[in-house]
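Engineer: Chain by chain, the residues:
2 protein chains.
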Amino acid sequence: MPFNTALTHLLGLRHPIVLAPMGGVSGGALAAAVGAAGGFGLIGPSYLDEAWIEREFDIAGDTAIGIGFITWHMAKHPQRLDAALARRPRAVMLSFGDAKPFVGKIKNAGAKVILQVQTLAGAIEAKRLGADIIVAQGTEAGGHGAARALFGFLPAAVDAAAPVPVLAAGAVVDGRGLAAALAMGAAGALVGTRFFAATESLGHANAKARIVAGNGDATVRTRVVDIARGLDWPAPFTGRALINDFTTAWHGREDQLEAVREAELARYSAAAARGDFSTAIVYAGEGIDLIDDIAPAAAIVERMVAEAEAALARLITLRTRTLPV
Amino acid sequence: MPFNTALTHLLGLRHPIVLAPMGGVSGGALAAAVGAAGGFGLIGPSYLDEAWIEREFDIAGDTAIGIGFITWHMAKHPQRLDAALARRPRAVMLSFGDAKPFVGKIKNAGAKVILQVQTLAGAIEAKRLGADIIVAQGTEAGGHGAARALFGFLPAAVDAAAPVPVLAAGAVVDGRGLAAALAMGAAGALVGTRFFAATESLGHANAKARIVAGNGDATVRTRVVDIARGLDWPAPFTGRALINDFTTAWHGREDQLEAVREAELARYSAAAARGDFSTAIVYAGEGIDLIDDIAPAAAIVERMVAEAEAALARLITLRTRTLPV
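Protein chains in written order, with the working numbering: chain A, 1 to 325; chain B, 326 to 650.
Since the hints were derived computationally from the structure, they do not count as laboratory data. For glycine and all other residues, C-beta sits at the position ideal for the given N, C-alpha and C. Treat each hint with caution, since some may be false.
[What the hints assert, rightly or not] To be clear about the criterion: a stretch of chain A counts as covered by chain B if any three or more of its residues have a C-beta under 8 Å from a C-beta of chain B, and this derived list gives those stretches:
#1 144 to 153
#2 170 to 183
#3 215 to 221
#4 277 to 287
#5 308 to 316
Looking at chain A on its own, in the form it has when it is part of the complex (with noise of 0.2 Å):
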């Protein structure tokens, strides 16, 4: 029996599961699978332009999906919103930056916009600006974001928000995640680190082999790799990632990694050419315990469909059993 949510009614799914626009690794196969599952799929042009955006779209196909984009960023390329809503997408994500001068722009377009935000002051103005649809963000997600985690973020957020619909960002990797998350009054879960490692998704299979790998005590917020590519990010974004030996090298050595930038890129670049992730970054959040495998999107989707119906089962058991002595 599926959850019926706000999310799930405003956007016509199945499931209350939304694949988040991770830059470059969220395209259209992922999205139309994620989709085709019965949650809502995002593409991800982070940094990337037109035609990445068209030819996403068009490996999408029939199947509705959305994008997202880094708000500050996109201002400086507005002909992508403009590309991405020639195409009709479902819904538009901005996360990080000014949304005002885009939600009216999207709204026309027919699109629901979906406004990601960090803290309850954002939360409260997001609703302000007219948001169909938020996302709380917590400092457990993988890639940029900020400082709050979720736990008590997450239901603050609902309370400020309401009606608007909130969605739980940050460490939803499996159906215990989903079920707190609706136990906590969210309308469903925007979902990035599990799909990265999904059969779908652009991540290069070296990344994907490390997040099945990886320990959730051994990731970081850092701004290293935006220093070195040379991305003003604004405060106050960081991104988390998976320790490796580039971000142990120049995490807290902020200053001294502005002085050797441009050597640094090039060794960067030069291993991320290579698929070489001690030294290139693989961002990732905190519930990378959980990942022990890369999947079809279509069997995440319904894992953790089956686990949140499980953990359900499990909280009435508690209400009526009486433990042995």
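Take the given structure of chain A and dock chain B to it, following the hints.
Structural biologist: Okay, now just chain B, sitting in the frame of chain A:
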């Protein structure tokens, strides 16, 4: 109908709610009130001596309670553990440091051993040491703790610790949080900050008022108070507190604080003595957005259970209803 878990079974409770041993805040009156309401109370001596411990056990009277120590500090004053064990606590919790030298002694005294951990590696080690109960403490928790957030950490700790029951600690302030923790497989929750603002807590009235007024966006994990007070907290532990003038002045400038430590300590201590929490610290977790009153501990327990039941009822409803178009 109560939630029966491995915790309620092990400690003989009606509700899976444990009062965190907040230093100097969780005294005998609060611990006994939580116990009388069907939960379980741990008094928190932190850096306080046997006289404090004796007095708070006396105040708790006939209600079964427990006690929680800062392990590395108690190790310098082992007579405090002896004084506690002489009072026949139902459980002793150890946090922050090497528990190994004390586990056997506590068990031999007939008390359950609760070990609080902040990493998956810590959970594995706590199980190995023979913990009866493991507390998975997320970074969102008030007071001392570490970096991992609860949403990914809790289910991973539950898996690693099984069959040892795991409690969730960090930003569990209402029944939605309790229900979420149970959905993730926890056997209950360790609750601090919500009980700081209980009528019976030993917290200063001005500090309680700040917690009620507080904003979860405005807390920080910091070492500045430990530095000022000359407390040798080992890495990686920091204390989560409400941002105030003192944390704003010194957080990020720890080296400079060391240089003027004595003068700052005098100023800090004077502020603490007069209840001025613009300078003195209020340790509190990120869940404070959901704390809107000072209430008797029994009311807090009852509310939390009722809210958890409501959260469960809502989850069940999600699976059966069809939302209107």
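Engineer: Now look at each hint and say whether the structure bears it out.
Structural biologist: Against the structure, the hints:
1. 144 to 153: holds (count 6)
2. 170 to 183: holds (count 12)
3. 215 to 221: holds (count 3)
4. 277 to 287: With 3 residues close enough to chain B, the hint holds.
5. 308 to 316: With 6 residues in contact (Cβ-Cβ under 8 Å with chain B), the coverage given for the stretch 308 to 316 of chain A holds.
Checked against the numbered hints given earlier, the structure satisfies every one of them.
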